[in-house]
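Trainee: Protein chains in written order, with the working numbering: chain F, 1 to 160; chain S, 1 to 160; chain G, 1 to 160; chain V, 1 to 160.
Hints listed in this document are in silico derivations from the structure and should not be mistaken for laboratory results.
Check each hint, because a few of them may be wrong.
Since the list can't tell identical chains apart, any single copy or any two copies may satisfy a pair.
[Unchecked claim] Think about it this way: if two alpha-carbon atoms lie no more than 20 Å apart in a straight line, the pair counts; the simulated EDC-like pairs of lysine to aspartate or glutamate are:
hint, residue 1, residue 2
1, K3, D99
2, K3, E142
3, K77, E89
4, K3, E71
5, K77, E145
6, K26, E40
7, K26, D99
8, K3, E132
9, K26, E149
Note that the structure is a prediction, hence the values are computed from the model and not measured.
Number of protein chains: 4
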Amino acid sequence: MDKGHLVPAHLLEIDMEGRAIAGRGKPSAETGLHTVIYRERPDTRAILHVHTIWNTLLSSMFAQTGHVLLEGYELLKGLSEVITHEHQERVPILANSQDYAVLADQLSQTLRQNPRAHGVLLNRHGLYTWGESAAEARRHLEALEFLFEVEGRRLTSGIG
Amino acid sequence: MDKGHLVPAHLLEIDMEGRAIAGRGKPSAETGLHTVIYRERPDTRAILHVHTIWNTLLSSMFAQTGHVLLEGYELLKGLSEVITHEHQERVPILANSQDYAVLADQLSQTLRQNPRAHGVLLNRHGLYTWGESAAEARRHLEALEFLFEVEGRRLTSGIG
Amino acid sequence: MDKGHLVPAHLLEIDMEGRAIAGRGKPSAETGLHTVIYRERPDTRAILHVHTIWNTLLSSMFAQTGHVLLEGYELLKGLSEVITHEHQERVPILANSQDYAVLADQLSQTLRQNPRAHGVLLNRHGLYTWGESAAEARRHLEALEFLFEVEGRRLTSGIG
Amino acid sequence: MDKGHLVPAHLLEIDMEGRAIAGRGKPSAETGLHTVIYRERPDTRAILHVHTIWNTLLSSMFAQTGHVLLEGYELLKGLSEVITHEHQERVPILANSQDYAVLADQLSQTLRQNPRAHGVLLNRHGLYTWGESAAEARRHLEALEFLFEVEGRRLTSGIG
Numbered sequence: 001m002d003k004g005h006l007v008p009a010h011l012l013e014i015d016m017e018g019r020a021i022a023g024r025g026k027p028s029a030e031t032g033l034h035t036v037i038y039r040e041r042p043d044t045r046a047i048l049h050v051h052t053i054w055n056t057l058l059s060s061m062f063a064q065t066g067h068v069l070l071e072g073y074e075l076l077k078g079l080s081e082v083i084t085h086e087h088q089e090r091v092p093i094l095a096n097s098q099d100y101a102v103l104a105d106q107l108s109q110t111l112r113q114n115p116r117a118h119g120v121l122l123n124r125h126g127l128y129t130w131g132e133s134a135a136e137a138r139r140h141l142e143a144l145e146f147l148f149e150v151e152g153r154r155l156t157s158g159i160g
Numbered sequence: 001m002d003k004g005h006l007v008p009a010h011l012l013e014i015d016m017e018g019r020a021i022a023g024r025g026k027p028s029a030e031t032g033l034h035t036v037i038y039r040e041r042p043d044t045r046a047i048l049h050v051h052t053i054w055n056t057l058l059s060s061m062f063a064q065t066g067h068v069l070l071e072g073y074e075l076l077k078g079l080s081e082v083i084t085h086e087h088q089e090r091v092p093i094l095a096n097s098q099d100y101a102v103l104a105d106q107l108s109q110t111l112r113q114n115p116r117a118h119g120v121l122l123n124r125h126g127l128y129t130w131g132e133s134a135a136e137a138r139r140h141l142e143a144l145e146f147l148f149e150v151e152g153r154r155l156t157s158g159i160g
Numbered sequence: 001m002d003k004g005h006l007v008p009a010h011l012l013e014i015d016m017e018g019r020a021i022a023g024r025g026k027p028s029a030e031t032g033l034h035t036v037i038y039r040e041r042p043d044t045r046a047i048l049h050v051h052t053i054w055n056t057l058l059s060s061m062f063a064q065t066g067h068v069l070l071e072g073y074e075l076l077k078g079l080s081e082v083i084t085h086e087h088q089e090r091v092p093i094l095a096n097s098q099d100y101a102v103l104a105d106q107l108s109q110t111l112r113q114n115p116r117a118h119g120v121l122l123n124r125h126g127l128y129t130w131g132e133s134a135a136e137a138r139r140h141l142e143a144l145e146f147l148f149e150v151e152g153r154r155l156t157s158g159i160g
Numbered sequence: 001m002d003k004g005h006l007v008p009a010h011l012l013e014i015d016m017e018g019r020a021i022a023g024r025g026k027p028s029a030e031t032g033l034h035t036v037i038y039r040e041r042p043d044t045r046a047i048l049h050v051h052t053i054w055n056t057l058l059s060s061m062f063a064q065t066g067h068v069l070l071e072g073y074e075l076l077k078g079l080s081e082v083i084t085h086e087h088q089e090r091v092p093i094l095a096n097s098q099d100y101a102v103l104a105d106q107l108s109q110t111l112r113q114n115p116r117a118h119g120v121l122l123n124r125h126g127l128y129t130w131g132e133s134a135a136e137a138r139r140h141l142e143a144l145e146f147l148f149e150v151e152g153r154r155l156t157s158g159i160g
């Protein structure tokens with residue numbers, strides 16, 4: 001469905017087992033990834049998931065490394081509890097899969113192993129990020145996407 | 001004519017031989033490519049043809065190979081009947097020509113040889129894609145253009 | 001002056017010697033380049049001059065060659081009287097100068113030596129293009145800028 | 001706070017010691033950098049500070065050199081008192097720091113050592129630029145950001 005045509009009537013309320021409890025339609029196959037995040041990060045009130053050029057590129061470039069490392073940028077301070085550009089943010093990368101039960105388990109482990117991560121990439125798929133409010137989730141999204149583009153351009157520039 | 005100035009009165013209805021049957025004006029020279037697609041893909045209800053930076057670049061980069069190969073991306077699932085990122089999409093590339101009768105024949109053959117292709121590129125010219133509705137054609141367009149840009153940037157990055 | 005704040009009262013009518021004949025204010029220092037184009041291309045009714053990322057880059061990349069060569073692209077057909085992608089468009093590049101009298105002379109010569117050119121670049125400065133109507137000048141601008149970006153990206157990609 | 005949600009009631013008036021004298025809230029930690037600029041450049045009536053892809057990239061590429069050199073571009077004339085593209089603009093780069101008192105001292109020295117600079121970069125952080133009016137500060141911002149992008153693309157293109 002074209003996201004540009006979304007209206008409130010299309011929204012679906014689900015419970016923590018991923019069952020629809022209000023609204024009409026079938027929950028998305030990726031619902032299980034959302035409930036994992038709400039479970040592992042109990043303060044979370046909003047999750048954003050986007051497919052963009054630069055998050056797709058960086059997830060592919062660093063798939064073997066297993067994470068994208070972002071450091072030394074002032075905009076890291078856009079991430080909650082980060083107070084200095086000297087912060088090192090590791091954004092874990094999971095292999096993509098159509099088996100969402102398996103993927104949910106891996107996401108759960110990854111969130112436990114990276115308790116301070118602000119986002120997780122799926123290889124050649126997209127970014128999950130979250131926050132204690134919709135505004136915070138959006139701030140995390142904007143900060144991470146900006147940093148993915150800067151870092152992607154820097155690494156492929158052959159300079160500095 | 002500037003597409004930004006198009007109004008309904010400019011639209012032309014044509015038959016399957018490319019003759020105008022409603023509206024005023026002369027059918028475009030590329031009309032024959034549209035009717036070939038409607039013939040070879042009988043479920044098609046809408047065709048989109050665009051000239052963009054990245055489809056032009058990729059058509060040129062892979063002109064000798066004869067196709068652009070897209071694989072491993074979640075967004076491939078934006079193409080009808082594709083249900084996994086493990087799908088391999090080959091987008092055939094035809095040499096460009098001003099002889100549209102010849103080009104129509106080549107397009108016809110290409111569509112038969114690639115029964116599951118969702119789009120065809122003309123070298124240094126643009127993309128043809130289609131769908132069973134205007135919405136599906138547009139979804140195919142967005143998915144393919146996104147993938148052309150990601151794949152173009154990846155291939156020229158020297159990394160991953 | 002911020003072009004976003006332009007209103008009709010800011011426009012100035014000039015004669016072919018570059019003297020203001022209606023409106024208030026002083027003609028731009030580059031007026032002499034406009035009158036040269038109107039003189040050398042008598043069918044011209046509109047001239048557009050823009051500073052963009054890609055025309056600046058290509059003017060710099062090819063300053064020593066003296067022109068940008070665009071060939072093989074379908075969008076060349078956006079230029080008046082060009083009917084095939086096999087057309088070769090040479091966009092001459094002049095050294096930039098703050099001596100507009102000298103620059104006007106060089107532009108005049110360049111236009112005579114390149115009677116079929118649809119635009120001229122000033123090195124690290126910008127593009128001049130024109131047309132028999134504002135719509136045609138704009139079509140030329142859009143075609144040339146698209147081609148500068150494609151060609152710039154192609155040449156720096158290391159591929160195809 | 002999301003800048004897209006700013007309304008006049010969010011604005012804070014401060015004195016030259018960085019103390020709020022009107023409005024509600026606490027001055028930003030970077031306030032001290034603004035007052036240094038007003039002090040060292042007494043004609044300044046507006047300061048702009050932005051984080052962009054290209055200023056971040058160039059500040060990183062040239063951090064060791066200590067400045068970005070911009071020369072030969074017509075758009076340099078967008079900077080006040082610059083009347084020729086032959087101008088050399090050096091944009092100094094400071095190491096980023098969370099100690100704003102130290103950073104303010106370094107900025108003060110840098111402004112004295114570069115009396116004709118129109119902007120200063122903080123490494124991997126952003127640009128400060130200013131003007132005798134909001135319009136002039138914005139013109140400086142647009143000119144510098146355009147030049148950062150052109151120069152960044154030129155340097156990483158491997159050509160010209």
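Trainee: For every hint, state whether the structure bears it out.
Mentor: Status of each hint after checking the structure:
Proximity of K3 to D99 under the C-alpha cut-off of 20 Å is found in neither arrangement, the shortest distances being 24 Å within a copy and 40 Å between copies. When the C-alpha separation of K3 and E142 is checked against a cutoff of 20 Å, the pair qualifies both within a copy, at 19 Å, and between copies, at 12 Å. In this assembly of identical chains, K77 and E89 lie within 20 Å of each other by CA distance solely inside one copy; the values are 11 Å within and 30 Å between copies. With identical chains, the CA atoms of K3 and E71 are never at most 20 Å apart, being 33 Å at best within one copy and 24 Å at best between copies.
Within a single copy, K77 and E145 get their C-alpha atoms as close as 14 Å, which meets the 20 Å cut-off; across copies the closest is 22 Å, which misses it. For the homomeric pair K26 and E40, neither the shortest alpha-carbon distance inside one copy (24 Å) nor that between copies (34 Å) is at most 20 Å. Taking the shortest alpha-carbon separations for K26 and D99, only the intra-copy value of 17 Å comes in at or below 20 Å, while the best inter-copy value is 49 Å. In this assembly of identical chains, the alpha carbons of K3 and E132 lie at most 20 Å apart only when taken from different copies (19 Å versus 24 Å within one copy).
In the homo-oligomer, the alpha carbons of K26 and E149 never lie at most 20 Å apart, since the shortest distance is 34 Å inside one protomer and 32 Å across protomers.
Consistency with the previously given hints fails for numbers 1, 4, 6, 9, ordered from lowest to highest.
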